[in-house]
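Colleague: The chain contents come next:
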Amino acid sequence: MAPGVAPDPAVAAAVADAHRREWAFVLAATARVTRDLDLAEECVQDAYARALTVWGERGIPQRPGAWLTTTARNRAMDELRRHATLRRSLPQLLVLSGDPAPGPAAAGEEFPDDRLRLIFTCCHPALAEEAKVALTLRLLCGLTTAEVARAFLVGESAMAARITRAKKKIATARIPYRVPPADELPERIDAVLTVVHLLFTTGHTAPVGDDLVRRDLVERALDLARMLRTLLPGDAGVAGLLALVLLTDARRATRSADDGRLLLLAEQDRRRWDHAEIDEGLALVREALRPRPPGRFALMAAVAAVHAEAPSWQETDWREVVALYDLLVQIWPSPVVALNRAVAVGFADGPAAGLAAVDELAAEPQLAGYGYLAAARADFLRRLNRTAEARLAYEEALLLTGNAVERDFLADRLRELDQEGPA
Amino acid sequence: MAQYLLLIYREDAAVAAATPEKTQQVLKEHMAFQDRHAAAVLGANALHNTDTATSVRADGSGGFAVTDGPFAETKEALGGYYLVEAVDLDEAIALAKDLPDDFGGGIEVRPVRVFD
Numbered sequence: 001m002a003p004g005v006a007p008d009p010a011v012a013a014a015v016a017d018a019h020r021r022e023w024a025f026v027l028a029a030t031a032r033v034t035r036d037l038d039l040a041e042e043c044v045q046d047a048y049a050r051a052l053t054v055w056g057e058r059g060i061p062q063r064p065g066a067w068l069t070t071t072a073r074n075r076a077m078d079e080l081r082r083h084a085t086l087r088r089s090l091p092q093l094l095v096l097s098g099d100p101a102p103g104p105a106a107a108g109e110e111f112p113d114d115r116l117r118l119i120f121t122c123c124h125p126a127l128a129e130e131a132k133v134a135l136t137l138r139l140l141c142g143l144t145t146a147e148v149a150r151a152f153l154v155g156e157s158a159m160a161a162r163i164t165r166a167k168k169k170i171a172t173a174r175i176p177y178r179v180p181p182a183d184e185l186p187e188r189i190d191a192v193l194t195v196v197h198l199l200f201t202t203g204h205t206a207p208v209g210d211d212l213v214r215r216d217l218v219e220r221a222l223d224l225a226r227m228l229r230t231l232l233p234g235d236a237g238v239a240g241l242l243a244l245v246l247l248t249d250a251r252r253a254t255r256s257a258d259d260g261r262l263l264l265l266a267e268q269d270r271r272r273w274d275h276a277e278i279d280e281g282l283a284l285v286r287e288a289l290r291p292r293p294p295g296r297f298a299l300m301a302a303v304a305a306v307h308a309e310a311p312s313w314q315e316t317d318w319r320e321v322v323a324l325y326d327l328l329v330q331i332w333p334s335p336v337v338a339l340n341r342a343v344a345v346g347f348a349d350g351p352a353a354g355l356a357a358v359d360e361l362a363a364e365p366q367l368a369g370y371g372y373l374a375a376a377r378a379d380f381l382r383r384l385n386r387t388a389e390a391r392l393a394y395e396e397a398l399l400l401t402g403n404a405v406e407r408d409f410l411a412d413r414l415r416e417l418d419q420e421g422p423a
Numbered sequence: 001m002a003q004y005l006l007l008i009y010r011e012d013a014a015v016a017a018a019t020p021e022k023t024q025q026v027l028k029e030h031m032a033f034q035d036r037h038a039a040a041v042l043g044a045n046a047l048h049n050t051d052t053a054t055s056v057r058a059d060g061s062g063g064f065a066v067t068d069g070p071f072a073e074t075k076e077a078l079g080g081y082y083l084v085e086a087v088d089l090d091e092a093i094a095l096a097k098d099l100p101d102d103f104g105g106g107i108e109v110r111p112v113r114v115f116d
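Those protein sequences? They're chains B and A, same order as listed.
First residue of the first sequence? That's 1 in UniProt numbering, and the numbers climb one at a time after it.
First residue of the second sequence? That's 1 in UniProt numbering, and the numbers climb one at a time after it.
Source of the hints: derived by calculation from the structure; they are not laboratory data.
Please note that the accuracy of each hint is not assured.
What the hints assert, rightly or not - To give an idea of the chain B side of the interface with chain A (calculated C-beta under 8 Å), a few residues: (1) ALA126; (2) ALA128; (3) THR172; (4) ALA173; (5) ARG174; (6) ILE175.
Unchecked claim - In silico lysine to any residue, SDA-like type, Cα no more than 25 Å apart, as pairs: (7) B:LYS168 with A:VAL109; (8) B:LYS168 with A:ASP12; (9) A:LYS28 with A:ASP12.
Stated by the list, open to error - FRET-style restraints, in silico, Cβ to Cβ: (10) A:GLY106 with B:ARG226: 35 to 43 Å; (11) A:ALA14 with B:THR70: 56 to 64 Å; (12) B:LEU231 with A:GLY106: 30 to 38 Å; (13) A:VAL114 with B:VAL154: 44 to 52 Å; (14) A:GLN24 with B:ARG229: 50 to 58 Å; (15) B:PRO333 with A:LYS75: 21 to 29 Å; (16) A:GLY69 with B:ARG319: 39 to 47 Å.
Please read all numbers here as calculations on a predicted model, not as lab measurements.
Where a beta carbon is used, it is the ideal one built from N, C-alpha and C, also for glycine.
Excised from the complex, chain B in its bound form:
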């Protein structure tokens, strides 16, 4: 392309589309050849850049992903040949899956897709949680370092250092590029699901910022969950995670009013929920709940399903919600889960019972500084007409959220209290 000439919009759109859909596939297939994530990334970026020119001249290929993979791999082979002597003296960074590798690894390699290998590498338990998330966004979603940094509100250089450190650990500690063997799969898939879920929850209610929802993160998480479902169609945990994401995301459009004000589940217009997403989610929940005992994402999805199926807030089956949380607390004794259970108790058995259940958790060190605990207490106190205590609790919750939409919501509640009751 001559300098200064803008690419054909149709070509630019095709490249952007291929970036979104095929990045993980192209990178994973290239990494298998290079055994080096940095080189693979460089070659794949180069292939996308070349697509802009070449597709403009010769037309958009029938299978853009295949074209990009071939181009990136050819470039990688050239680079490897050029540096053949140098590379021979370096340790092999990634175990080539096609190798007739002896040992325990060979038995577990029954899933052929390179993307699965890549996501298990990015979510290896030897990596820190923040590194897993950063690598997943970078390598599986194709986000630039600047975009990953923006997603997690850290500086670009800090994020670059984090990604570099993680890649260096993959190479020097030899984190293998493969799907774990069958006996390790359950614990290893859980780490992958946790990362995708974390991406989703971070996007669903952004911890900091002016917008309630970070659409980009929500959609990346949904893409990843769908990809996992395609790659591991029989896995109940994956089905549970995808169900949870779909059933929660189905409410996205109704979670804030036209003026940006936060709308609680009780106030949302249920007709505007995304019923295609709900139907898909409900079918997946049934599948996810089959193993005994069901997994944690399946149970969380089941709670979301109860809400999705309730014709109105008043007609929500709170007993069912409490029962599901009882099961969830058993397999996942997290204080946050216990708090959600306490809130559900408040709707099933009344605000006094809810307040008692919440107050039982007040001593949990992990919940100190967790704004939703204060918000839940505030709400029960308000419903019990204990106005002065409710006001204190709202003020505490207000101090603990960094999200502007949530802050406005809590400030509104405080104002309502001031209008209703005596100080």
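Add chain A to chain B, keeping to what the hints say.
Modeller: The following block gives chain A in isolation, referenced to the frame of chain B:
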């Protein structure tokens, strides 16, 4: 193949409090581990308790400060090590998981740097 050091961290107090039977039992389990993984184990040693340790550090003006005690005083102290050979980190982790669980603490898996 790559080499890894499996650093065995133990609670000094638990080691000190162990009965002779317990100590014998742990020793036997380590022997069994070495038999199971004879091909992977390149070297191994147990260390005396940290109250026998001496730290030597440069004092910055050409001399050395020699002090009583381990370099870092923690509840969990380095109690011994294995030098093993493994294809990748997963194999090294599998070896670490197969080590006898003796006196609390845990295992740190560190790749060994090779200069050539």
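Colleague: Now look at each hint and say whether the structure bears it out.
Modeller: Now for the hints, and whether the structure bears them out:
| no. | hint | verdict |
| --- | --- | --- |
| 1 | ALA126 | 6 Å, holds |
| 2 | ALA128 | 14 Å, violated |
| 3 | THR172 | 5 Å, holds |
| 4 | ALA173 | 5 Å, holds |
| 5 | ARG174 | 4 Å, holds |
| 6 | ILE175 | 5 Å, holds |
| 7 | B:LYS168 with A:VAL109 | 16 Å, holds |
| 8 | B:LYS168 with A:ASP12 | 33 Å, violated |
| 9 | A:LYS28 with A:ASP12 | 20 Å, holds |
| 10 | A:GLY106 with B:ARG226: 35 to 43 Å | 37 Å, holds |
| 11 | A:ALA14 with B:THR70: 56 to 64 Å | 59 Å, holds |
| 12 | B:LEU231 with A:GLY106: 30 to 38 Å | 33 Å, holds |
| 13 | A:VAL114 with B:VAL154: 44 to 52 Å | 34 Å, violated |
| 14 | A:GLN24 with B:ARG229: 50 to 58 Å | 53 Å, holds |
| 15 | B:PRO333 with A:LYS75: 21 to 29 Å | 25 Å, holds |
| 16 | A:GLY69 with B:ARG319: 39 to 47 Å | 60 Å, violated |
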